[in-house]
Amino acid sequence: MKIKLALSLALASLWHRKGVLALVTLTLTLSVSLLLGVQYLRQEVRQSFTSTIAGTDLIVGARSGPLNLLLYTVFHIGDATNNIRWSTYQSLKEDPRIDWLVPISLGDNYRGYRVVGTDPGFYRHFRFGNDRPLQMQQGQWFDGVFEVVMGAEVARRMQHQVGDKITLSHGTGRISFLDHGDHPFTVSGILAPTGTPVDRAVYISLEGMEAIHIGWETGAPMPGRTVSSEQALQRDLTPKSITAALVGIERRVLTFQVQRAINTSSQEPLSAILPGVALSELWRLLGQFERALLAITVFVVITSLVGLVAVLLTLQAQRRREIAVLRATGASPGLIASLYALECTLLAVTACGLALLLGATGIALASPWLLDTWGLHVALRPLTPDEWKILAGVPVAALLVSLLPAWRAYRGSLHQGLTPPG
Amino acid sequence: MTIVTNATPGNLSQPLALLTHGLSFRWSEHETPIKFPDIQLPAGEHLFLQGASGSGKSTLLGLLAGMSRPTGGQLSVLGTELASLSRRKRDRFRADHQGVIFQQFNLVPYLSALDNVLLPCRLSSHRARRATPTPLQQAETLLQALDVPGSHWRKSVNHLSVGQQQRVAAARALIGSPPLILADEPTSALDADNRDRFIELLLAQCQHSETSVIFVSHDRSLASHFHHHISLTSRQEEAA
Chain A
0 MKIKLALSLA
10 LASLWHRKGV
20 LALVTLTLTL
30 SVSLLLGVQY
40 LRQEVRQSFT
50 STIAGTDLIV
60 GARSGPLNLL
70 LYTVFHIGDA
80 TNNIRWSTYQ
90 SLKEDPRIDW
100 LVPISLGDNY
110 RGYRVVGTDP
120 GFYRHFRFGN
130 DRPLQMQQGQ
140 WFDGVFEVVM
150 GAEVARRMQH
160 QVGDKITLSH
170 GTGRISFLDH
180 GDHPFTVSGI
190 LAPTGTPVDR
200 AVYISLEGME
210 AIHIGWETGA
220 PMPGRTVSSE
230 QALQRDLTPK
240 SITAALVGIE
250 RRVLTFQVQR
260 AINTSSQEPL
270 SAILPGVALS
280 ELWRLLGQFE
290 RALLAITVFV
300 VITSLVGLVA
310 VLLTLQAQRR
320 REIAVLRATG
330 ASPGLIASLY
340 ALECTLLAVT
350 ACGLALLLGA
360 TGIALASPWL
370 LDTWGLHVAL
380 RPLTPDEWKI
390 LAGVPVAALL
400 VSLLPAWRAY
410 RGSLHQGLTP
420 PG
Chain B
0 MTIVTNATPG
10 NLSQPLALLT
20 HGLSFRWSEH
30 ETPIKFPDIQ
40 LPAGEHLFLQ
50 GASGSGKSTL
60 LGLLAGMSRP
70 TGGQLSVLGT
80 ELASLSRRKR
90 DRFRADHQGV
100 IFQQFNLVPY
110 LSALDNVLLP
120 CRLSSHRARR
130 ATPTPLQQAE
140 TLLQALDVPG
150 SHWRKSVNHL
160 SVGQQQRVAA
170 ARALIGSPPL
180 ILADEPTSAL
190 DADNRDRFIE
200 LLLAQCQHSE
210 TSVIFVSHDR
220 SLASHFHHHI
230 SLTSRQEEAA
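Residue numbers (numbering that gives the first Met the number 0), protein chains in the order written: chain A, 0 to 421; chain B, 0 to 239.
Bear in mind the hints are in silico, worked out from the structure with no lab data behind them. Some hints here could point you the wrong way.
As the list claims (entries may be wrong) - Facing chain B, a subset of chain A residues (Cβ under 7 Å, in silico): (1) Ala21; (2) Leu22; (3) Glu321; (4) Thr328; (5) Ser331.
Said to hold, decoys possible - Heads up, simulated DSSO-like pairs for lysine-lysine below, C-alpha to C-alpha not over 27 Å straight-line: (6) Lys88/B - Lys3/A; (7) Lys92/A - Lys239/A; (8) Lys1/A - Lys17/A; (9) Lys88/B - Lys34/B; (10) Lys34/B - Lys1/A; (11) Lys88/B - Lys1/A; (12) Lys3/A - Lys154/B; (13) Lys154/B - Lys17/A.
Bear in mind the structure is a predicted one, so any value in this text is a computation, not a measurement. Glycine is no exception: its CB is placed at the ideal position from the N, C-alpha and C atoms.
Go ahead and model the full structure; you've got the sequences and the hints to work with.
Structure, rendered in structure tokens:
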């Protein structure tokens, strides 16, 4: 068969019918963009999600399920069922198998953003993404009791700079009626964006956390028992308990051993979880939704392809004269059928090209918004092999569905006489 | 079906462009076969095939072009028994050795006039080789000879008048000098002036390239332009 001739005829024919075909191509382009966009974002979200925490071997908290522990320590969702006693934390610190231990104390918020009480070890040991450490965008990690470090999103949304004074609120809810107004905190630094929940939290020292709660033993300020910031500094600010701890193990092979030791500790009921395993488990749960979304977009593409074939079948009636001329000139039924297959495939390739262009422009334009609204870092990157496969699947699917008009044209050519219909 | 005008050509000393004997065709097994007259057309001569609508003119042309296979009888086109060829070979035979002109809608709407004329050379290397000096030059020569204005050659064929479109179709049939041209009522959409001019231009070119022509029309007045003429009668006339 004369492929070159078929290709040039198909191109000329498509161009001749550009008015009608532009609309179907637009539909196909939009659906392919949707498909590609969903797959692209899926990849990005999964990447961002599964690399929310790295380098931490265990997360230890009061006894509860792994997902609950992961959610409140890493994602700041939900609350702890109980605390860990400070003495237990100290004894863990003395375990020679444990390389480092970072305390996490929760319970307050700043305008809806969680306040995390911790120590400088958090800045030193916390890793995200591909083992990336935290970095300061402005200022430095807190040093004083009443200093606070802000996550990038909190600082951006609340428009805070280093040196600003802020008031924390009691409780983890977005709306709180109890403020720690008598203990203002000074912003000592702002973290660089990470695309993780770290961006949506503020960090203070354990001592600071303790100081603002002097006189709050019942859960609310007791008149006469609260103290000023200066008075607080004179007190012993060693915490009595913390919410959880991030653990780095000296030798990785000991991780399971340490996990079992903590889980079976006789000091108090604790749970130690492997953050990677818990993250994958959580993703498996959420993954159902993103797979459903992908399936829906696949159906959208199939619908567009069916629409394309419907248009080609409608055009077929108009093309009987032209086909008769080609047949009379010696074109074989195979060549006629190949015209339909080529036209359909070429349209799909065009739609894919346009979808790539649209997608790239869309991501370039939407990435600041995504970062701002969802804290999602979506940057332009080369497509993954899987994404290329999905994209290549569109022309292949187009070729398959075009077999229907192609087959009809083939059969029609066989039974057509010499003279074209009037 | 009978031969009304007994002017069956036949000069057996010359090679034959067309030889039919006892040729018949039926569209389905339940139908009575259409029987065609015996024809012997020497190469390079022009035959006028006249018949009213329904007389089987187009069916006969379909058989001569190899689009359909005869039900019975002998059909030899340019010395080749068409009935013995496979469908693929008949398509190739048509591309290599025949030029076809229809009544109207002769052109591929998305190709320019020049590209329409060059189409047979792209479908058949045989035709391309015979288009001398080059297919493009021969196409231009033919369009010029057939009086198609040069300004229209590279434009969409939709801008051409019906007469010009028919002349572009004639140029397409003539390119690569095929030994046989089949014309199915090519003048019926033209007015009297354009009709005579078209026939004169076509036959002059065919004379020049020694091409045989089988020209089908219902219009008896055209018969005088041709060496031979045969009249086909319709089944109704036959029954009467």
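Hints, verified against the model:
The beta carbon of Ala21/A is not positioned within 7 Å of any beta carbon in chain B (closest approach about 15 Å), and the interface hint is therefore violated. Because the closest C-beta pair between Leu22/A and chain B is about 18 Å apart, greater than 7 Å, the hint is violated. Look at Glu321/A: its Cβ gets to within about 5 Å of chain B, closer than 7 Å, so that hint holds up. With 7 Å as the threshold, the beta carbon of Thr328/A comes within range of chain B, its nearest partner Cβ sitting at about 5 Å, so the hint holds.
Annotation: Ser331/A was flagged as interfacial toward chain B, and the flag holds, the nearest CB pair being 5 Å apart, inside 7 Å. The straight-line distance between the Cα atoms of Lys88/B and Lys3/A is roughly 21 Å, inside the 27 Å bound, and the hint therefore holds. Of the pairs offered as hints, the one joining Lys92/A and Lys239/A holds, with about 15 Å between alpha carbons and a cut-off of 27 Å not exceeded. A distance of roughly 24 Å separates the Cα atoms of Lys1/A and Lys17/A; the hinted pair therefore holds under the 27 Å criterion.
Simply put, Lys88/B and Lys34/B have alpha-carbon atoms about 25 Å apart, close enough for the 27 Å limit, and the pair holds. Using a Cα cut-off of 27 Å, the hinted pair Lys34/B and Lys1/A is violated, with the two alpha carbons roughly 37 Å apart. Restraint check for Lys88/B and Lys1/A: satisfied, since their Cα atoms lie roughly 15 Å apart, inside the 27 Å limit. In summary, the hint linking Lys3/A to Lys154/B is supported, as the alpha carbons are separated by about 22 Å, within the 27 Å threshold.
Taking the CA atoms of Lys154/B and Lys17/A, the gap is near 17 Å; set against the 27 Å cutoff, the hint holds.
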